[in-house]
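Student: Okay, here's what each chain looks like letter by letter:
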Amino acid sequence: MSQMKELTKGIFKENPVFIIMLGMCPTLGVSTQVSNALGMGASVIFVLTCSNIFISLCRKIIPDAIRIPCYIVIIASFVTIVEMVLHAFVPAVYDALGVYLPLIVVNCIILGRAEAFASKNGVVASALDGIGMGIGFTLSLTLIALIREVLGAGTITLFPVGGFSGTITLPGISESPVRVMTLAAGALLLMGYLKAFFQWKGEKKA
Amino acid sequence: MSYIGILLTYVFIQNFILVQFMGLCPFIGVSKNTESAVGMGAAVTFVTAIASVVCWAVYEFLLAPFGLEYLRTIAFILVIAALVQLVEMVIRKMSPGLYKALGIYLPLITTNCAVLGIAIINIDNGYNLLESFTAGLAAGLGFTMAIILMSCIREKLDMTPVRRVFRGVPIAFISAGLMALAFMMFDKSLIANLGLV
Chain C
23 MSQMKELTKG IFKENPVFII MLGMCPTLGV STQVSNALGM GASVIFVLTC SNIFISLCRK
83 IIPDAIRIPC YIVIIASFVT IVEMVLHAFV PAVYDALGVY LPLIVVNCII LGRAEAFASK
143 NGVVASALDG IGMGIGFTLS LTLIALIREV LGAGTITLFP VGGFSGTITL PGISESPVRV
203 MTLAAGALLL MGYLKAFFQW KGEKKA
Chain X
56 MSYIGILLTY VFIQNFILVQ FMGLCPFIGV SKNTESAVGM GAAVTFVTAI ASVVCWAVYE
116 FLLAPFGLEY LRTIAFILVI AALVQLVEMV IRKMSPGLYK ALGIYLPLIT TNCAVLGIAI
176 INIDNGYNLL ESFTAGLAAG LGFTMAIILM SCIREKLDMT PVRRVFRGVP IAFISAGLMA
236 LAFMMFDKSL IANLGLV
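In order, the protein sequence lines correspond to chains C and X. Reminder that position 83 of the first sequence reads as 105 in this note's numbering, one-by-one numbering, no gaps. Reminder that position 100 of the second sequence reads as 155 in this note's numbering, one-by-one numbering, no gaps.
Next comes chain C alone, as it looks inside the complex (with noise of 0.2 Å):
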């Protein structure tokens, strides 16, 4: 039962961007099209549940006094890891993800789980909210996406599977798409917008 709540506090009660407001930089700055967004959720669900891990096993090893700098050099090699193999396998991903890719380092999602979960509870929990968090990520990253492909280019993108070219086109709003969204105006106006919602949600709530 507490297993399940570590594992799906991150997504709902705790999202990490609605909620909690971390990562906002890679959450903006990649969302301008689905398969963007998916790919950068994997990374960070990848890096997050490794050094969730690595960083409880540790724990009791790591001097109090220079645990930062050794949970970003943790968190720095798993992202190497994330750039190589990305760059081997799917270089278009990693063309678009550009320099939000080795931004990942600093996203304050990452450090903020590792200090404030990780460093004081076991492999098991931290792995469950490592994961948690990934996915509640992921999926307002792609919330954000997909709002802002739909309006602004009228286009779903996602992977090319067999014959399906991945991109699925919208009749009507492809002919006229509100441009605006897919630039940085559009993207901190949405970011506003959601926010108002869910905080109008979380008072309706309590």
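Hints may contain errors.
Interface residues of chain X toward chain C, partial, derived using beta-carbon atoms under 7 Å [stated by the list, open to error]: (1) M77; (2) L79; (3) T128; (4) I129; (5) I132; (6) T166; (7) L171; (8) I175; (9) F228; (10) I229; (11) A235; (12) L236.
No lab work stands behind these hints, which were simulated from the structure alone. Cβ coordinates follow ideal geometry from the N, Cα and C atoms, glycine included.
Following the hints, complete the assembly by docking chain X onto the known chain C.
Tutor: Just chain X now, kept in the frame of chain C:
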């Protein structure tokens, strides 16, 4: 590209906050009043300028000659963390006044995407030493400009009636979005028209 071209690019056209979304966390977190916004901006500008130079040197002289380019993420973040510590110690020794003003913001800069971001962008664009320094300085200045503008807007917003669900962070994001709309008028054609390519 000329140095003025690089300066204009990173202050306006590729403004780190409003166009590239780097350093959004401190942008939203520390922009509640102008005084702390100025402090944060100054600290970030200082670190981006120095980090650009040091990371460039580390990449050119330590990583590239030995074919260790893939280690750049780890190397850069370590350099930045060490640099922020060093800057903190130097400022504390040399200028206690400045240290008191920047104090709490300095450690926060290690995890500011803008610093690691500019270091990587410099390498990706193949800038030389002086160009990297210019780009780092410009990125910091662009950050400072955006965060000071934002803090002025938020100080005004405190005195305006805002719907309850929009109070705080949501209205800050919407204001930032409107600022980003204004920044859309700066694009690459500006550099071309000024003949700075």
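Student: The structure should be examined with respect to each hint, and the outcome stated for every one.
Tutor: Status of the hints after comparison with the structure:
no.: 1; hint: M77; result: holds, 5 Å
no.: 2; hint: L79; result: holds, 4 Å
no.: 3; hint: T128; result: holds, 4 Å
no.: 4; hint: I129; result: holds, 4 Å
no.: 5; hint: I132; result: holds, 5 Å
no.: 6; hint: T166; result: holds, 5 Å
no.: 7; hint: L171; result: holds, 5 Å
no.: 8; hint: I175; result: holds, 5 Å
no.: 9; hint: F228; result: holds, 3 Å
no.: 10; hint: I229; result: holds, 4 Å
no.: 11; hint: A235; result: holds, 4 Å
no.: 12; hint: L236; result: holds, 4 Å
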